[in-house]
Amino acid sequence: MSKDNNSGAHPGNGQSGRLPRKRFYRARAHSNPLSDSHFPIPLSPADVDYAHHFPHFFAPAEPDRGNGMALSPKVRFADVGCGFGGLLVGLSPLFPDTLMIGMELRDKVTEYVKDRILALRDSNPGKYENISVVRTNSMKYIPNYFEKGQLSKMFFLFPDPHFKEKNHRRRVISPQLLDEYAYVMEIGGVIYTITDVEELGDWMRSCLEEHPLFEAVSEEELETDPVVKLLSSATEEGQKVARNGGQTFKAVYRRVALHEE
Amino acid sequence: MEEDEGETVSVSEVAPALIAVHPLENSVAVAVGSELRVFDLKGDCPVSMLADSGGPSHSDTIRDITFCPNGSLFASAGDDKLVKIWRTDTWSCVRTVFTEKRVSAVAISCDGLYVTFADKFGLVWLVSLGEDVEGHALVDNKPVPILGHYCSIITSMKFSPDGRFIATADRDFKIRITLFPKRPLKGAHEIQSFCLGHTDYVSCLAFAYPSDQIQGFLLSGSGDSTVRLWNFIDGILLDTCEIGAKAGLIKSEESKPAVTDICTSQDGSLIAVTTQSLNGVILLNCDFSAKSLSVAQVITMEKSYIPTSLALSSSTECLWTVMGASKQPSSGNAQLLTCLRIMSGFGKDSSDAHPHDPVVLQDNEVPGGEKLLLKLQGSLDVAEKEEVLRAAAAALRVSMHNMLIKKQYSVEKREARKSSRNDKKLKK
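These protein sequence lines map, in sequence, to chains B and S. Residue numbers for the first sequence follow the UniProt record's numbering, beginning at 1 and rising by one. Residue numbers for the second sequence follow the UniProt record's numbering, beginning at 1 and rising by one.
Careful: at least some of the hints might be erroneous.
Stated by the list, open to error - With a Cα cut of at most 25 Å, we get these calculated DMTMM-like pairs of lysine to aspartate or glutamate: (1) B:K108 / S:D357; (2) S:K186 / B:D196; (3) S:K385 / S:E13; (4) B:K240 / B:E215; (5) S:K142 / B:E223; (6) B:K164 / S:D357; (7) B:K240 / B:E186; (8) S:K385 / S:E302; (9) S:K120 / B:E165; (10) S:K186 / B:E223; (11) S:K291 / S:D357; (12) S:K158 / B:E147; (13) B:K148 / S:D200; (14) S:K407 / B:E223.
Stated by the list, open to error - Ranges of calculated distance between the beta carbons of each label pair, as one might list FRET restraints: (15) S:S59 / B:E236: 33 to 39 Å; (16) S:D234 / B:A216: 30 to 36 Å; (17) S:S211 / B:E236: 56 to 62 Å; (18) B:S218 / S:S59: 52 to 58 Å; (19) B:E236 / S:D162: 36 to 42 Å; (20) B:P55 / S:D234: 26 to 32 Å.
The set of hints was computed from the structure by calculation and includes no laboratory data. Note that the structure is a prediction, hence the values are computed from the model and not measured. Glycine included, each C-beta is placed from N, C-alpha and C at the ideal position.
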């Protein structure tokens, strides 16, 4: 490919409107979620500059209106460990008025998703304005991004399985982390998980099953939920599994209020 | 700035001496290193702890000690992975819990039925102190994990005085407020709020429930040299007091003294704060109606006396302060020394002519007198050993920094560390 880096930016971002090429965003398959982070973290949800992520939804501030931001829309969907962003791109046209954000720890992958979204916005004016991505460690900093009860959907698609028992604490679904996910989700919000690793599928299901703030979504509901189909078809990882004829294991749960018997 | 210190820190890990006072001022406890020293103020005599009934005694640094609100129980825990629970009437150990990880904080629930402890991987565990019909403690009930901060050191853990909440603070700048459920053995899953705003590790927490306010407040101290006031129910930051700047402690921009301990009277009328650099105590004023914090008074003591821990009984007569370190580089294997200073004059005489006029007690005016000092300090003339105190303060600063502050590496240094990773080495 002939690279005309007129912007001098990232190599994959040569021409505006052109989708970035993954080969320029090679990254390790794994990243250590336990290590101290060296990227900027917002101090609190109020500190996140969402206007920068969703310029279309945040009209330029009118200086004479001090409280204009009070009505600004909030992110409602979070794709945790969004990888190359396939799900976000798939969800965007389904919920054009809902803001969604992907969270990814590997910075090159995040760069790719950023460039991909910008390219999509360029070539489809008015579309894909509702998706964006942040580089962060969601296992440590979820409450720094979202307020209590802010999210209506959370996605955990094909997370790192961390087979060794010693490394189970690195899994993105755990009894302790579910407390935090429950905190940022509204009552009635839905958490979607899928994996091609049976052992991890069992783990995620049992964590959710045993958590008092989550309740399984019924099979009938799953069939009518348009999002469920995307879980295995929209992401790069899901397509790879489908290509190889692999099995997938879903667990979809709803955030419920605590009822102490 | 500190390029090669990273690998050698664990060698010189030093922990501060701790102090706790019985809520009715029946006794006072000091922990330094693995030693627990208790003085019975009511009986006016030193206490010898009866560890025989409850397993081994502490063999490594004690990281936290606490009395339960009614004073009947006392808990100690630390680096030896033991949590010991004591009856304060006989000072016998009723329970020793063996844990998997080093313990960084311990608390007793308000009803005295549960002990919670936090480990260095951010998990909070709970043991039930439930008794069977004959009144014997159930020895076989194991600790269960009830909540977690994701792989972050929990630096402080406190129950709200009404028993509804448990607050935990960590080195990742976070304070988490969790509802403490009626049946906590199933875990504490419902998070009430996160109090976010500190820009460095959070070192200490204290609740205040002023009688004229509907809800309580939380105060927190941090490595960012501030004390913050929170509406913890909604996780709202109400005020920030730049302790270092306000109390005139910052001499140069680079060293912001970390707040090391904070302690409040239950109604919040008295808030005392210690920092890493002040030889004394800072008293704060909190106007809970206006939701503002301000420095009321800076009380300085001898030049090298930098208190590491504070305690207040609920009667608020005296503020107890202690200074000491778990290892004293200069003194070899000699007995660990601490230094105690007690301030009085916080009595609530409503005349209000002198709202705060506390005095630092001379050694001969201390409750318990020389007997107490000998027991808790380890020696009577500690104050003269300025060298020891100064070395302790310096060691503590380095140790706290190494444990809680995130290491900043330059880009080159980071690349160098990456290339020395084990998995990469193997391939070569």
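Flag every earlier hint the structure violates by its number, smallest first. Violated hints (numbers, rising): 1, 2, 4, 5, 6, 7, 10, 14, 15 and 19; every other hint is consistent with the structure.
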